[in-house]
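Each chain, letter by letter, is given below.
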Amino acid sequence: MSTETTEKLNAWTREIVEWHFNPETGCKFWLDFAEKLSWDPRKEIQSFADLHKFGFFEDNWLRSGDIRDWLPKGNVGKPMYVFETGGSTGQPKTRLSSDDLRTDYSNFSTTLNDDDFPKGSDWLLLGPTGPRRLRLAIEHLAQVRNGICFCVDMDPRWVVKLIKKKQLAVLEEYKRHIVDQALTILKRHKNIKCLFATPKLLQELCSRVSLKQLGIKGVFCGGTQMDAQFHRFAVEELIEGAAFVPTYGNTLMGLACHKPYTPEDNYDIIYYPPLPRALLQVVNPDNPKEVVPYGELGRVMLTTMTKELFMPNFLERDQAIREPACDLYPWDGVRNVAPFSRMGATVVEGVY
Amino acid sequence: MLHIPLLRNGKQYTSLNQSEITDHRTGEVLATMSLANPGLITKDIRENKKVWHDLQKLSLDETLEMCKKAAGLFLNAEIPFANTTQTPEQFVKYQSASTGMPENMCRANMDKVHWVLTNLRDIIKSLSGRVDFSIIESGYGVQDGIPISFLPMARQLGAVLPSNSPGVHSLWVPSLALRVPVVLKPGSREPWTPFRLLHAFMEAGYPSEALSCYPTDYAGGNNIMLYCERAMIFGDDSTVRLWENDRRVEVHGTGFSKVLLGEDIVENWQEYMDVLFTSVMANGGRSCINTSAIWTPKYGREIADALAKRMVETRPLPLTHPQAELSAFSDKRMAEYMDHAIEVGLDTEGAEDVTAKYRQGERVEVCEKSTFLQPTLIHVNGYEHPLANREFMFPFTSVVEMPQEEMLKTIEKSLVVTAITNDPDWQRELSCCPHIDRLNIGPIPTCKVDWLQPHEGNLFEFLFQRRSFQKTP
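For the record, the sequence lines run as chains C and A. UniProt numbering applies: residue 1 is where the first sequence begins, and numbers increase by one. UniProt numbering applies: residue 1 is where the second sequence begins, and numbers increase by one.
It is worth saying that the hints were derived from the structure and are not from the lab.
Taking lysine to aspartate or glutamate and the DMTMM-like style, the derived pairs with C-alpha atoms no more than 20 Å apart in a straight line are:
id	chain 1	residue 1	chain 2	residue 2
1	A	K43	C	D180
2	C	K165	A	D217
3	C	K164	A	D246
4	A	K11	C	E236
5	A	K43	C	E237
6	C	K164	A	D237
7	C	K164	A	D236
8	A	K43	C	E236
9	C	K164	A	E244
10	A	K43	C	E173
11	A	K43	C	E172
12	C	K166	A	D236
13	C	K175	A	E229
14	A	K49	C	E237
15	C	K165	A	E244
16	C	K164	A	D217
17	A	K11	C	E237
18	C	K166	A	D246
19	C	K166	A	D237
20	C	K175	A	E47
21	A	K43	C	E240
22	A	K50	C	E237
23	C	K165	A	D246
Based on the sequences and whatever the hints tell you, model everything.
Set out below in structure tokens:
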């Protein structure tokens with residue numbers, strides 16, 4: 001990371017810690033947390049590296065207690081959304097949000113090519129809506145690009161249940177049900193040129209209709225089910241020349257940006273977090289305080305720092321290879337994110 | 001390094017996802033293998049429906065001739081394989097190294113598949129009830145004055161195949177003679193047979209578009225099962241339970257095959273020791289048609305003792321040894337798990353490992369870096385004992401004493417039952433018992449297969465459904 005980027009990250013870290021631990025602006029959770037500490041975060045956290053002093057963020061903190069404990073006083077009065085995670089590691093985690101999703105997706109919008117995702121064209125979202133932030137996020141992305149977003153819901157928790165019960169035929173029927181609705185929308189609204197879909201729904205859609213004939217120019221696809229082989233398969237065999245933008249985003253982080261395809265990456269999927277709002281580190285699973293060398297596999301650790309959520313050192317359910325900076329994104333990235341193998345049976349995979 | 005690509009409708013495809021196939025003894029990588037992402041399989045299945053129509057242009061005589069030619073190539077020839085060629089000797093070496101099967105058994109299984117392929121004309125005649133091939137080809141006709149029509153039920157036959165039993169490939173190959181394309185998922189350690197067979201078919205001139213083989217994960221296997229109109233699956237009970245009520249699917253799970261001795265012959269039990277021994281021990285004892293329980297109305301202790309003494313004579317040998325009769329475990333943890341399961345079962349009162357007192361060494365034995373389970377016979381005091389009806393992937397049987405009249409009241413799903421009796425009334429009862437799939441009356445080993453008869457379902461009736469058909473002259 002360049003000195004400039006590091007300085008920017010450290011400054012942002014100080015600003016966010018000041019916000020969340022200042023009694024005038026912080027939230028009850030972190031203010032209570034600080035009271036139990038023998039040190040003052042506002043004084044002692046002067047850089048991103050100092051965040052290790054907080055230890056590891058526990059996901060159960062987002063599963064229990066009053067959700068308003070997470071509302072920074074500085075944000076009181078703003079319209080609030082509640083977003084939940086998919087529940088693939090158990091009970092869903094919950095967070096509050098006001099502007100973060102719009103900020104994340106407005107920033108992301110600047111990375112999209114206007115030829116592939118034409119401004120003024122409409123979008124179709126095939127994926128989870130409900131208490132997930134994805135719907136509002138994609139809608140906002142369409143809106144900042146002067147488009148309208150149509151949505152078809154997929155309930156990931158129902159899918160988790162079907163997978164656990166091994167009701168594969170019902171799962172297939174549910175997938176068809178979702179795509180049936182998508183086809184109705186796509187055939188009626190000819191200005192839809194951009195698509196967000198989970199990998200499985202993209203496959204199902206492409207098996208039933210030609211995206212090219214429908215005029216789809218850009219496909220935005222997300223989920224950890226996506227690997228290099230799927231990336232290649234989608235580009236070579238599914239999307240018929242449309243642009244393919246793999247994404248990695250979640251309720252807790254926001255949205256990472258994909259390194260544009262180059263042949264030498266051989267379809268590996270490489271993401272860069274939206275620094276300084278979030279940072280991904282690849283750490284040694286046996287000693288998460290240690291970042292692995294570039295090119296090595298480790299567990300993904302997320303730190304989110306916005307004025308709506310402060311979440312330091314959260315060990316994700318994912319593993320990845322640590323990726324060095326690139327021209328577009330001069331900070332650490334992650335390559336080939338996949339479910340953390342040691343979590344084994346505790347993660348329900350195949351949802352997206 | 002040998003790399004095994006996917007076979008997508010006859011075309012090789014190297015995936016970015018790959019796995020390694022290792023020698024179970026040394027961990028040496030024998031080959032890498034492409035793995036299909038599930039969506040790719042679905043796409044191919046959906047897009048390849050027209051191939052079935054192309055196959056219908058061939059006559060059964062032509063496909064049978066190709067099968068015969070493929071059989072010879074499979075057994076004897078150096079043929080293209082993946083990115084190179086493969087001799088039968090190389091095939092045997094690879095298969096033995098990755099699966100733990102002795103080389104002589106690998107050859108025996110090649111012979112078995114070869115026999116089936118070269119005798120498919122008779123097998124299809126038998127399974128179809130001697131229907132004239134022209135009726136199968138055209139879909140309708142008149143035979144012996146009776147109008148007959150068959151509706152083809154599948155444009156593709158899917159098969160999710162095991163790693164531990166290469167003989168099962170005899171079950172899907174008739175599909176190609178019947179002009180139904182195949183979509184296979186090989187076992188993760190045994191891609192050798194399906195790929196070699198499909199390459200042999202291509203060399204024999206069979207339309208390659210009808211031949212697909214996808215090493216893949218669980219989800220990919222499920223897609224084969226879901227998207228092929230007919231499919232067969234091999235696996236343990238938890239795997240096949242998912243599909244057992246799906247009429248599109250033929251399930252091949254645990255066999256629970258048995259030998260039942262009748263009251264009328266039991267006084268002469270010594271005469272049947274060869275049948276009992278072969279039923280338990282043949283083919284390394286790991287097949288679903290190997291006996292895993294012997295029920296007798298009398299002399300349970302004596303039978304157990306005599307059979308156990310004979311079973312322990314079979315000892316682990318190097319896999320290259322021409323007399324090797326036991327298969328090794330490709331994953332030694334599986335052997336340890338089974339050994340532990342048996343020990344836990346023995347904790348329940350009423351069971352004795354009769355082989356333990358005769359065998360050399362422990363049940364788990366290592367020979368030249370291969371891990372084996374030595375033949376094991378448990379005498380149990382009743383059918384309810386936890387070890388009375390267990391099946392493991394090595395020569396394992398229980399011996400249970402029970403009155404003859406209780407046997408058919410107690411029996412549950414059993415793939416093969418050999419009932420040794422001359423009692424016509426009991427023979428009749430046995431032949432009507434709904435829990436028995438294959439029934440042998442008389443001293444016939446459970447593992448002796450008559451390929452002219454159905455095995456866990458009739459493949460012809462699975463692929464073709466008789467229906468009413470009328471046509472104006």
